[in-house]
Structure formats: structure tokens, C-alpha cells
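**Student:** What follows is each chain in one-letter form.
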Amino acid sequence: MGLPADTLRRLLRRARTMADAKPGPGGPERLLAGRIVANLFFEDSTRTRTSFSVAAKRLGAGVVDLMGFASSVSKGETLVDTALNVEALGVDAITVRARQAGVARAIADAVSCPVVNAGDGRHEHPTQGLLDAYALAQAAGRLDSFDLAGLTVAIVGDIASSRVARSAMAGMSTLGAAVVCVGPPGLAPSGLAALGCRVEHDLDAVLPHADAVMMLRMQFERHDDGKDAPRGEARPSGVIASVREFRAGYALTREREARMKPGAFVMHPGPMNRGLEIDGEVADGPRSIILEQVRAGVAVRMAVLAELLGV
Amino acid sequence: MPSLLIAGGRLLDPASGTDHPLDLAIAEGRIAAIGTPANPRLPHGPADRVIDAQGLLVTPGLIDPHVHLREPGHEHKETTASGAAAAARGGFTTVCCMPNTSPPLDTPELLRFIADRAASILASDLPACRVFPVAAATKGRKGDEPAEILLAAKAGAVAFSDDGDAIASAGVMNRVLTLVKQTGLAFMQHCQDPTMTRGGAMHAGEVALRLGLTGWPRAAEEIIAERDTRLALAVGARYHVQHISSAGTADILRRARATPQGQALITGEASPHHLTLTHHACESYNTNAKVNPPLREQVDVNALKEAVADGTITVLATDHAPHAADEKALPFEEAPMGMVGLETALPLYAEALVHAGAITWPRLIALLTINPARLCNLDALGLGRLAVGGPADITLIDPDLVWTVTPNELTSRSKNSPFLGRTLRGRAVATVVAGTVRHEHPR
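Chains as they are written, first to last, in this note's numbering: chain A, 1 to 311; chain B, 1 to 443.
Warning: the hint list may mix true and false statements.
Just the calculated beta-carbon pair ranges, DEER-fashion [unchecked claim]:
#1 A:Gly176 with B:Leu420: 53 to 63 Å
#2 B:Pro407 with A:Glu77: 44 to 54 Å
#3 B:Glu145 with A:Gly270: 45 to 55 Å
Which stretches of chain B does chain A cover? Using the computed rule of at least three CB atoms under 8 Å from a CB of chain A, they are [what the hints assert, rightly or not]:
#4 53 to 60
#5 205 to 213
#6 320 to 330
Partner residues aside, some chain A positions facing chain B, computed with beta carbon under 7 Å [said to hold, decoys possible]:
#7 Ala101
#8 Gly102
#9 Ala194
It is worth saying that the hints were derived from the structure and are not from the lab.
The model shown is predicted, which means the values in this text are computed figures rather than measured ones.
In this text, a Cβ means the ideal position worked out from N, Cα and C, and glycines have one as well.
Just chain A, with the same shape it has in the complex:
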């Protein structure tokens, strides 16, 4: 599963040097000069793909985007075949985003260039987990140690559907934080505890003790395997009875924000459903480090690409 703490901290320290670098000689902008990073996105994601692109370009690499496979891949060419073709074009690293769990790993096993998992189904999204840890460490003033010991992080909402939750859970708990997953049983099944977190169903009981509250997007499209509705269509899924019932128990409203621990942070991996899992005023409020997460994403991905390409 997760990387060991010293590896995570090495990557995070490197991300910090990337974030702190000033333009000019001696900076990172020539580190990957002449290299090409391919973003192989079988599933659409503008924000993650752009973050990887910016990170690669900040290192001087060229970037090619490969997307919109949905139809051709389902016709028979395997995802691994596609990746082998991309590698044969002569790229130096591949980032992979896929709708199904395990795809990045299958591709990494098949190609010889470095592969970054940019999110696979409901499984993992490792650079998101890293950037969440970075943003939290930054907000908590722990950029020197990247030690999250003593911090309690509540991850709230649609845990079952979330690769972000799995990676954040792995990363933050490895770095010392106590992670609590909170949601209704259908979205936060008690079995998640086996993954190294505590599982609670009462957000109001957890709220006063959390140093950070990370809200997750409700992923209607992944409920019930999305077989009945076109993917991405928000609809009552049977996993939650209604939006208002979910909000009554689990949305981060202004009223709930007021009951958070003093100095506690609000996080969200995006994209947000304002007014569903999080109120707009909270997302934009003083506790929010949501945009810091996005900024950290570029630095973290720079560190990961540089590390994997051995520079």
C-alpha cells in the first residue's frame, strides 16, 4: 500500500524546494529539459492533468496530452496496449488517469518508463494524498519536519467512492496524523477501519476534535457502479436518500464550521459541489486552505516527476 514515512518526507521536502524556488539559474526550470511527459488520461480530469502539465513545464519538460479514449479503448485495445504505444513514441514518463482501479499499476508493470498514478477508479490518487499532506503541514507550520503527529484529520462524506480518501488516509497516517473517516454507513462502511483509520458516523461528535476537516465530493456517478445513469449525472443513487438528508448529517455548513476547533482547517480536493457537501461561505472562509492544496499540487508533482526521472 503506502510508501514509508521517510520516502514521503523526502518527496515533500523536495516539493518544498520546488515551491520555494525563485526563477533564474540554479532553479528547477531546466531539470527536465529535453524530456517529454505524457498525460495518458483515460478519464477526463482537467484539473489534475493541468497540474501535472504545469509541474512538468516548470521543470522544462515537454508535455503531451492523450485523452478522449473512452470509445476506442472500450472497443478492444487494452489500456496497456495504449500505454505501450505511448511509450514507443519515446516519452520519458507517463501519468495515468483511469476510471478503473488498478490500471496505473498494470501499465507500470508493462512499460519501462516511470509511471505516475494520477488516479485509478476508487483506488488511489497518490499525488493528491501527498499534496493534501503538504498543504496540511504548511498550514500547521510543520514544513520543516513534515511530521503530522498530534493532528486529527476528519475525512468526511463519500469515502467509499473516493480514491482521494484512500491516498490521503495512507499519507497522513504514515506521517503521524490520526485519521477519522466520517459519513453515513453506506458511504463510510465500518470495514474501512482495516485501512488504518477510525470510522465514525456522527460528524457533530467528531467536529470539535478535528484539526482539519477534509470534505469529499459526493460522487453520484460511482454509486451503484453508475450503470443506470450516464456517468457524471448527479442523481439520487440509493446510497443516500436525498441531498437534504445527507446535508443534515454531514455537510460542512457555516453552522458546523462555527463549532470547529479554533484554528482548525477546511480542506477539499475539488471539484466542490458548493451547497452540497460544503457551503460556499465555508469554502471561501478563513479556515479554508483549499487553494493552498491546489498550489501544493504543482510543487508535489514537480518533486515526483523529478524524483522518478532521476534528476
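Following the hints, position chain B against chain A.
**Tutor:** For chain B alone, kept in the frame of chain A given last:
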């Protein structure tokens, strides 16, 4: 047809309770004599060929009541011929093929097509075995209305099943059981409530949660088994639970068999993979371990072994389910379910049950011969036992032969086994069907 003498082996025939060093003489496709080594009374003079069975078990030909031979419609995965060859190499002299083909085996005409195929492969001199069809219980296997069950029985069906899917409607199930009862055959259910398993890719447990895969919970199997055993006992129909995966289902079967009609009407089977593997085999998204019902936890594995040991589960079945390599190369969530099993089953059964001390070899052989023969009414043909005058279907087993599973070792058209690379102990070294040696392992 050359006569044959199998000499010097340990002859196991659970149907008659035989477990002795005995020689066995075969002529004209039938068992001509069974005798002590000193006096093998062969009626027509010396045999054309003598097989030295020193150190071997000599058993009735093994019977697998649950395989998928993919014909018609999916011949790139397997054919009747390639599947029967794999069966012979695994020690099976008879297999019963499931009707989830394309089109499904839901008419007498399609059942006769299987019978024709079966006859033609036995007429060849390739490795082969007897093949009997299990007929679909509902039209198109859709679970909506009963198929022509009475005609199917006349056309050679040895059981009924919509395997691959359960009959979800209790009302339809009740009508099917009523019809099946009239045939004297058994109904075999793939117990899976479809409303609980949509998108289910593996056992609903820790590994599925970690891998981000949709779970297929035990209860989805158990509630169908519970419903059906009640229906079958009420109707008085013979009912068989296929490939039991959950400890709870074994309990349901145990309770059902404890009722007055239970022993006669209700049976259940276990498969090699459910006796030997857990959901951890799916780690790393190993699609060869994706199977329906899914691999579960050690408590389930243990419960299945106990259920075999205490006589709750009386039949073993491979659920041999070939899939092409490119199909299994799909992402785990999209890869088809199932694994080949015919060529690895015997040593896996031995490992899980005999070497582990749960049961003895004679009991294992009963689970692989006379019990499945009775399940499919094949005992009426004399299959599943060793009797003078009966069909000479015989398997010779080296219980201690150690070998490693490799793709080259498998003759099935598909190689989707989670046991590739595994070293196994025990192997069928000769398979005799109707007096002809259809497979022989070089010794």
C-alpha cells in the same frame, strides 16, 4: 477394442466401500473382472495391455458436475473438445456442462447439439471424456419463465440450472422446481441476489475496500440459498447449491439437510478455489482470481472444509470457467469472472481436504465419483462406481506426484488460473473412459 489389466494398485470404490489392493480387468469397454493380485480372473485370456498401478489409487472415473465448455458461441475460450481433453488430463471421465452459452442451452435441439459433440469427441482418439449437458431452467436464462424442462429431460439434460445467474424471482423459482420435480432430476442454483451484487467484482471485505472495488457480500449468496432450500423442501424437488463460497451458506445447507426430506433433496458443492484461496489472491488486481462467487476469507475456507468433513457438502465441482487472455487483461472491474480448474482440481482437493486431514482419500473419491453421479442421475448409467459389467471409466491417481502448474501444462484453450506457478502434490496419471485410455501421464 484391446483388453486392459490394471494391476497392483489400491482400488478405491466408495459406492461399494471397497479399499483394497485389487486388480481390475477391462474388456469391450466394460469392467470384466475385479480380483486380488494373485487371481485376476480375466474371462477372455491375458490382457492386451497391463498397466502397472503400483503406488497408485485406482478409482472410478472422476465426475465434475459443473464446467463451462463455452460451446456454442464462445469457442475462442474453450470448445467441447478442448474442455473434454482438459478434463481427461485432470482425471475426469465425465463432465456436465453448464448452459450459459450463446445461445444458451434452453431447447432440446441445443441439448442434442451437445450430445452430438460429445459423441464425436469420444469417437476420436484424442484425450476426451463423456460430456452431458445441464439445461437452462428458464427461457434464454432470463429468469422470467420456465424453459421446456420436460422436453429437455427427454433430450438428455442431466440437471437444470441458469448458472451464471440465479433465478431471482421466488415465484418463477417455485414453478421451475415444480417442473424439475416431475423430471426426477436436480435443479442447481448459482446463488446470487442480483440486486445486492451490481458491479460486485470481489468479496465485500477489507481487500475490496482497499483496492477500491465494489464488494459482493456473503449475504447475497445466503439469502438465495435460504429461500431456495425452503422452496425445494416445500415442493419436494431436488435442489443443489453450486459453488458455495460463504460460511453462512454452509450452515444453511447443514440445516436444510437436517430436515426429514433434507438428505434426499438438498445437496451442495464446493470448488477447489474456494477451498484453497481467499480474497487476498485478488491483491495486485490479479484478474485470474476474479471469480463468481468471489474468493472470501479464511473463516469461509475453514467452514467449507468443515462442511465437507461433516457431510454437509457432498459434491466437489470445479466450475471450470475458461476466459481468453485478452479478456482477463482488462481492468479488474471489467474482466470476466471465472477460472479454469479441471487440470488442477484433483491435487487442490487433496491439499485442502486429505493432506490437511479433514477427510480420507476414499471419502474424497466419493465426493468426486458416486456423489456427483447420483446428483446428475448418472449412477443409472453405472457411472461413479467400479462394478463388474459396468462401464470401464477409471482414473489412476498418483497421490504423491509433485508438479508445478505452468501454462504449458494446461491443455485447456484458456490459461486463466490463479494457481500458475504453484507446486501441487497429486495427479491423475491415467484416465480410462469406456475402456479406452484417453490420457496417460508419462511416468
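**Student:** Flag every earlier hint the structure violates by its number, smallest first.
**Tutor:** Checked against the structure, the hints that fail are numbers 1, 2, 4, while the rest are satisfied.
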